[in-house]
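Undergrad: Residues per chain, in single letters:
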Amino acid sequence: MMTLWPSSFLILLVGLPFLGSLIAALLSPNARNAEAWLAGLVSLGALAITLAAYPSVTDGRVVKHVIDWVPALGLSITLRIDGFAWMFSMVITGIGLLVVIYARYYISPKDPVARFYALLLAFMGAMLGLVLSGNIILLAVFWELTSIFSFLLVGYWHHNQAARDGARMALTITGTGGLCLLAGLVLLGQIVGSYDLDEVLAAGDIIRAHDLYVPTLLLILAGALTKSAQFPFHFWLPNAMAAPTPISAYLHSATMVKAGVFLLARFWPVLSGTDEWFFIVGLAGMTTLFLGAAFAIFQQDLKGLLAYSTISHLGLITTLLSLGSPLAAVAAIFHMLNHATFKASLFMAAGIIDHEAGTRDMRRLSGLFSYLPITATLAMVASAAMAGVPLLNGFLSKEMFFAETIEQHRASLLDGVAPYVATLAGAFAVTYSVRFIHKVFFGPKPVDLPNEEPHEPPHWMRVPIELLVLVCLIVGIIPALSVGGVLDTAVYSVLREEMPQYNLAVWHGFNLPLAMSIIALVAGLALYVALRPYLERSEEGPPFIRRLRGQRIFERVLVAISWRGARFVESTMTTRRLQPQLRLLVLAAILAGVWAMWGAGDNLPELSVRGIDPVLATLWIIGGGCAIAAAIQAKFHRLAALILMSGAGLVLCLTFIWFSAPDLAVTQLLVEIVTTVLILLGLRWLPKRNEADPLPIDMRTRLRRHRDFVLAVAAGLGTATVAYLTMRAPVPPSVGDYYLEHAYSEGGGTNVVNVILVDFRGFDTFGEIVVLGIVALTIYALLRRFRPADDTKEIPYQQREQNAFDDLQRDREVGETLQDYLLVPSVIMRWMFPVIVLLAIYLFLRGHDLPGGGFAAGITMSIGFLLQYLAGGTRWVEERLRILPVRWIGFGLLMAALTGTGSWLFGYPFLTSYFQYTTLPFVGEVPTASALLFDLGVFSLVVGATVLMLIAIAHQSIRTARSKPAPSTTGEGGQS
Amino acid sequence: MELLIALAIGTLTASGVWLLLRPRTYQVVIGLALLSYAVNLFIFSMGRLRVNAPPVLDGSSPVDPAVYTDPLPQALVLTAIVIGFATTALFLVVLIVSRGISGTDHVDGRESER
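Listed in order, the protein sequences are those of chains R and L.
Per the numbering used here: the first sequence = residues 1 to 976.
Per the numbering used here: the second sequence = residues 1 to 114.
Derived by calculation from the structure, the hints in this document are not laboratory data.
Backbone N, C-alpha and C fix where the C-beta goes; we use that ideal spot for every residue, glycine too.
Each hint can be trusted.
From chain R, some residues computed to sit far from chain L (all C-beta separations above 10 angstroms):
hint	residue
1	Leu171
2	Val186
3	Val421
4	Glu456
5	Ala480
6	Glu497
7	Phe510
8	Arg887
Chain L side only, calculated, beta carbon under 7 angstroms to chain R, not exhaustive:
hint	residue
9	Ala14
10	Leu34
11	Gly103
To give an idea of the interface, some chain R residues facing chain L are shown, with a C-beta separation under 7 angstroms as derived from the structure:
hint	residue
12	Arg583
13	Val586
14	Ala641
15	Leu652
16	Phe659
17	Ala661
18	Asp663
19	Gly682
20	Asp708
21	Ala715
22	Arg728
23	Ile756
24	Leu772
The whole structure should be built from the sequences, with the hints applied where relevant.
TA: Written out as structure tokens, the structure reads:
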């Protein structure tokens, strides 16, 4: 392998356009020249890198660069370049460069150029990634990316309805195709046992003999044929012509639409050669070749003509690929190259005509030769290449095509008609090419054009066309010398040992293909002369079937599926109401439980009341009673329900102690406290009971309640049964044993629960605290724009009473009663602050060895803050103490993440912990594990999150108080 | 003993599910809290109920796992308690914000037409 071109250049080649795209997006939207220079330099750089790669890809050599992505699934970011990919990279970067230059003059200063160039460069990167992918899943990813950027570029002028519709249609068709392709490629990977392109290409016999060959083929073809606009998916391409013309030239003639035929050629060695391949691909290709050419004649829009011509030429390539002969594949690859050059230049010429004349309607354009002599000449050469006139590149590949169609491959109808279809389509191509030139540039001077005085564009706008036309000429005149080597390299990398002998000469002598060419030229000219009067005034589109438009069918289907169908499904299958949904969910859970336990009736353990401790039983009579009572009271007596719920929580807490889980008991108790405070703060914003209008309970409500009651009892019985059966079953070997055995020796802590949290399963805990932080920030964000309901806006009843009382007393200010409220407890609460902080530190430090830890300490600490709020009121606290909970959250996350990444420095995986015992003066021996730092992160985040949530709710009261006129000056927390 | 805890789980679940199916948001919040009690107790009980088993290692080796309580369900439940608090808080705030926007505390954001 040549060391001159290291494989890492592949990363650079694909990455450079994306990087350029990012920079382009960040530049000022009006920096026209800077954008064009940037895009030009990026394309030039990519072109230079590609050019330099040539010596490394000749003679079937391959350069490959592999970066592991998900090795377990066989996914890797593999980039590989061979001759074929090299040829495509040249087209992508070369024509990309020309398009950038052209677009500099085409895009008006009023358009946002930053977006244009950013998207263009991103597309270039995606397209390069597509042709350079060495992993077929990566290929599918880049494939979808090109669809997405094409969508964004077609919709560039999104104020225009046609652009939006065209963009959406292109995305729907190519995106759906892309999904099919992904499925097909996954199947292909399953058949081969690898997603690596080289391995897939080496497994042709296995693939063709596999049972799944036909579905795989169908799915891959669905992707390729939609992308390359083959019948019956062709109609998106003409509609995509709403894109700016440089985009049409680049995406919709030279590169993206070639992706489909690129894929067909890439997989030609492994998929082709079967009857299925020949019939599907051949039928699609030939139909497209013929219909595209026929429809192109009847277009009145210049770009429409070029679009249908593109469809037809892609059909030609597809047909060639369907034949299954190596020579045909050579012709197909050659034509991909030729079509890219002449069609891109024609699109650019059409763009100039549109720019100068102000219209693309061929009925209005006429006699422009005297205004645009140079552009006209260039366009003529390019159209001649499109028509297949000798001494131009289009002629060569078309001759090869004709020659291939008359070779008999199989004795089928499709083979039989191939030469006739080819000749007829060739004649049509002559007709529309002649029409393009004759109608636009010759004839009488134009009348009432939108632009009065068309003139030649700036020289640099024409340079890209000149270069492309030059290529057409050189390739057409001296094919073997100019393009022979490149074509050889490209073809060899696809065909390998099947490489045929072929001769790239202009003159092959008088033979049948030449006769077909001559017939096509003469017939095409005759057809144009015959049709000319009709075409002068005809409507857009082919006669008779003008109304049968793919676009309209597509839209009908789309409306039917996405609107009527969706509405039907929604109205019959779903509901927007929460209760029926939850009811179904509960029912499904119960049924799943019953189903799982079905048949387990043989070895049921006996019901045993043995060992029930009367104390615990009493506790749970209270706890269960609390739960049931809370369920009853929650509707009208919210405070009572809250207290009852806490009662059940406390019993739960005691149960944890009972069954040897002190850590859980501590956490449960602390969380119980903050939950209660939190809900207390929230109660103030709930509506009052509407006692005025007690609705009579009707039959339906009664029925619903009975049904819910049955469901609830069933769910309770179900979980009780499952719990009982599991608890009575013998203990299987548990992972817990491993943790017990290794907690001290490897984690350096005797509190196994804490060691699991901060060490063994530290990554899970990291995820948990991230969730906690997100929830806190969500609450904060939700409440920032909070608008309370009208009936809760005023000051609560109790505060009004107190204020009224203050008002009546001569020696009292309004609000004093509120301040004096709970005077003794509030003094105690203030004094308790340092004690609670100390308790938090204590819980934190002992956590590794004794019950406690970051979670418990964090909540304790936040309770410390909370008590200050309760004692002094929000304002009082915030005048004295700035807590900044968001910083606590940030610090906590950073701390945990840094501790985790710190182990990388020592060459260990993320979150590997290190521990040692150190002796501190006065404190004694403390474990200084790196897990302690992690736990510090947990602690800090829990404090931040809890305080942020509580303060966010508490602040709502002052906010409303502020918006009220004077009297109330204090806002007490926000209690109801 | 197992029967008692199973019944406790059942009672908590039944109360929670009943509230979950009610039309008022506050009922749903309380119901979810009760359900999370039930779930936590359920997960905890999967490590089997051990009375008077030491939860903290005494530092001797080798460790005999049969002596100690199963720490794994405890670790699971511990984080579940904290996350449960967070979700309760989130639901509560969604409740009051949605009440501010829609003017009703019905779970659908509008009173059912009956």
